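Peer 1: Chain residues, written in single-letter form:
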Amino acid sequence: MIDLLGYAAFFLTTALTYAILCLGLNLQWGMTGLFNVGVAGFAAVGAYVSALLTTPEIAGRLGGFDLPIALGWIAGAAAAGLCALLVGAITLRLRADYLAITTFGIAVAIDLFALNAQSITGGPFGIGFIPRPFIAWAGRPLLFNGAHLLLTGGVALILFWALERAGRSPWGRVLRAIREDETAALALGKSARAYRLQAFALGGAVMGLAGAIQAHYIGFISPLNYVSALTFLVWTMLIVGGSGNNAGAVVGAVGVWGLWSASGYLLNTLLASQYQARGSSLQIVIIGVVLAVILVLRPRGLLGERRIVSRHLEETGAP
Amino acid sequence: MNLQYLADGLLLGSTIGLGAIGLTITYSILRFANFTHGDMISWGAYFALTVAGLLGGIVAGAAVPLAPFSFGWTVVVATLIAMALTGLLALALDQLLFRRLRRRGSAIAMVIASFGASLALRSLLEFVFTPQPTYFSTELQFAVPIARGLRLTPDQIAVLGLTLVLFVACHLWLTRSQIGRAMRATSENPSLARVVGIDVDRVVRITWLLGGSLACASGVMTGLVVQIRPYMGFDLLLALFAAAILGGIGSVPGAVLGGLIVGLAESLGVWAGAADYREAISFLVLIAILLVRPTGLFGSRAR
Amino acid sequence: MSAFALEVADLWAGYEPDLPILRGASIRAAAGEIVVLLGPNGAGKSTLVKAIAGLVAISAGRTSLDGAEITHLPAHLMVRHGLAYVPQTDNVFVAMTVDENLRLAAFAGAGAERRARTESVYALFSELAAQRRRPAGHLSGGQRQMLAIGRALMVRPRVLILDEPSAGLSPRLVETVFAKLAEIRAGGIAILLVEQNARAALAIGDRAYVLVEGRERHEGPAASLWHDPEVARLYLGGLAAGDSESTP
Amino acid sequence: MLEAVGVSKHFGGMRAVDDVSFRIERGQIVGLIGPNGAGKTTMFDLLAGAQRPSAGSILIDGVRVEREAAHRRLARGLGRTFQIPRPFAEMTVIENVLLAAPRQAGERLLWTWFRPGQVAREERENLDRARALLDFLNLSALAGEPARTLSGGQRKLLELARVLMAEPSAILLDEPTAGVNRTLRGEILARIAEINRRGVTILIVEHDMEVIARLCPRVIVMAQGRILREGAPAAIAADREVVEAYLGGAPA
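Respectively, the protein sequence lines represent chains A, B, C and D.
For the first sequence, counting from 1, position 77 maps to 77 in the numbering used here; every step adds exactly one.
For the second sequence, counting from 1, position 171 maps to 171 in the numbering used here; every step adds exactly one.
For the third sequence, counting from 1, position 66 maps to 66 in the numbering used here; every step adds exactly one.
For the fourth sequence, counting from 1, position 16 maps to 16 in the numbering used here; every step adds exactly one.
Next up, chain A with everything else stripped away, as it sits in the complex:
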């Protein structure tokens, strides 16, 4: 029973870190219509920056500043946000599919950097000994995982609130207008470029924060964590949950993470032992099929988008 609770806390904590990634993507894609295939790259920036700042000093590698974890989180988010701002400044004027290709390229470039800049990132060996919050309770899994769940849940809740507040305000209304018809939004005097850049950078920062949280939860990062499969998983979560809807992003993250874990468990039991090492490939195939089916049959996802943007409108009753 205790084991099960511990696992549940572990499962939910992991799912919530994905939910945060998903919230970032929802701001970019769901609300603003910016196609980002570099989710893994932005998460990696957040994770590595935070890890470099907070780990103890190690010979032969830059960093090791031993700073507090909270500072690492903030720096990780800021670095990823800055990165998104740069990429956005160059590419947001391009057609949607060129943006997709460029963000794809950014993720590849970040991955290469993580893999090869050994003196900074630890190369293929990654960075270990990343300080974990509540490490004193590591011997008591339930307490440790429970505390992490509370922490991650708290951060997710604050982000959810902040993104709902922003997204369901006149600001969010402009984002939605730009997504639907840029020319018409311009005619109303709304500068599409500035709003897009804000949304893209903020979304990147949220992804960076998620990357940092994950890194400090697991205590170890390596380039293997930030392959395109991560981007793909987050996209599937958002599409399944319902893009354009923050609650959908969270529901999708928990649901798809559940499906992912369950399929991993099932494949492990079902596959003959010589194939088990390859099981994770089959997991990806399963998620890919889920994505395709949702796109074809239910493109709005489980929850879909709310029709009314402004929360003030809901507060004052039916319009």
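No lab work stands behind these hints: they were computed from the structure.
Quick caveat, the model's predicted, so the values are computed rather than measured.
Think of the CB as a built atom: it goes at the ideal place given N, C-alpha and C, for glycine as much as any other residue.
A portion of the hints provided could be inaccurate.
According to the in silico footprint, chain A covers these stretches of chain B (three or more CB under 8 angstroms from chain A) [what the hints assert, rightly or not]:
(1) 46-57
(2) 112-118
(3) 268-280
Based on these hints, arrange chains B, C and D on the given structure of chain A.
Peer 2: Relative to the frame of chain A, chains B, C and D by itself:
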């Protein structure tokens, strides 16, 4: 920079160019960034590998290398069969997935779908064949000197030759055949194409078939001179996009030239000591072209 | 069967289901006849010819060629049935050469037959012959219009529909293009001509319809229409008619 | 209050608008008509600021604005509608109107978090105005529906509501009844007349002569980039030169 780097760059560039031909044709007609093109390259290589293996088992002696090359008749025949198979795979994917999204008129949903399908296809290969690299032949090949400081293996020369042949064939197909002209017309203006009597749905089907078989050819070539891995096509994808955009979407000569430029740039990077960041170089080329001239070298249309 | 090459009966069509632009339009064109379609802006002239060509969904009514129904035929099969349509804008493939534009016509027969047809187009539009290897994007506005018409003729249509071929052309060029239409008519083709430029169109036309609010409101021989007070009323009548209503 | 002085616009060798001058006084409602290609749309774009004139000047309340961008002219009180309305199809009707409120505090990201009170107060005020406008234009029943469900005529009304939300003192209307059925057309005309009665200056480009006749005591006719006639509708309708201009080609 010595000649050998130049030769390596040309060789790499011609495999990129070969892959980019298929990408640029399909991109211009299907009108979305198709991330599965890279995986069609991998699937094509594995199709060819499997068929060649089967043929070798059936026809005794067919697998004996055709001197001076490292591969035998089986690979040649298998490539032709695999091209057809990959074309059919691409067409099947269209019928199952992309056609339904196209009807809804959402180009960006097609990009998402292709991104997902790409990962699923690649993982399926990984599941069946394991991530371990494999080869058409384990025969050792000795590079022959071509000029001072420049050596190429016969296989590499064959790849250069085949790129040239396929480039000319594609170019002739698009400019001389009726269906090729219909494809160009569709890529330029689909609604006018309908008005002049072109069956656009048929053009789209042929485009998938052609794109798949070209991807397969590119996969076999890459497999011959490098190795066969489930990720081989995906790792090439960024370079392919860079080459196709650099050349101008829809331009076959542009794709080949773009491929050569990207290949040479990567090899220049290797020469300059940035071997580990080779793929990032195609990204830099891509960013540069998007900043300076998003329509590409041969592109005329603002798309 | 019907004596008319093109027959349109009580056609309803539009871009959105709840907003029909055509409201029961009926027109006819006989072989060897130029029929002019006039009307104030927004009357639905372009929509009518697009609906006939299969580019706008038809909700009710019937279109037929020499008596054979073509109402819901997909656009790309229209040329096979003998109907060629020349859109108003973007009507040539600019990245392809003049020759290639002509050869695109998919049902122009093979080999010798197609070469003969190509040469007859070049004979009709001699200006194009000199430019046959150049991309159509390099042509002038008038030459593009000729190329678009030439390409339509490649399929030897029985009905040729032109949507404002005079748009953007100088008066002299309009005259040249319209003179060619008269030549084409001599070959026994029915021509349906949508025009803003009524003066020039009525000069070569045989018969004309005035379309108002999605249906034909007036029909008559082209020669007499120019001075028909009814036509002036259809264009500007509202100004006088509405005036009395508005006075409080 | 709105004045054009010697305004010309050349595209290459073509003179789309050629030395056009007119003056519209505060509170007037004027029709701008002419055959296709007469330069009406270009003139309209020049007034609204979508294009810059090659020569001449445009004045709002005596201030020269021909170099100012469209949204600056809106700030001076000159609004416009589009011939083909572009509502945000998936957004509700009322939010389409709310979006048009200029310079909203809630459009700043940081203020949505740190000045919620101000944002909420402003949004409530805007909501009241938007509801009143929808009432005025008989769209209240549809306020919560996505704009894509509106008919062509209702879209025209929404377009009017959007431009009114910016509280302009003059409005340029581009074919306010094109593609609208007869019943709704009457309603749109009545609303335009009412807007004008409340003191808003209006210039209408329209092909439907009946609309012009019912709304505008004064009509300007353009042909081939120039002003051909100016006067009362009935006199214009009887003018043979105007008729010939409509039937095409150069006046003989």
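Peer 1: A separate judgement is required for each hint: does it hold in the structure or not?
Peer 2: Hint-by-hint comparison with the structure:
Evaluation of the coverage hint for the region 46-57 of chain B: breached, as 0 residues show C-beta separations to chain A shorter than 8 angstroms, against a requirement of three. Counting residues of the region 112-118 of chain B whose beta carbon lies closer than 8 angstroms to any beta carbon of chain A gives 5, which reaches the threshold of three, so the coverage claim holds. Requiring three or more residues with a Cβ within less than 8 angstroms of a Cβ of chain A, the coverage given for the region 268-280 of chain B holds, as 4 such residues are present.
The earlier numbered hint that this structure contradicts is number 1, and it is the only one.
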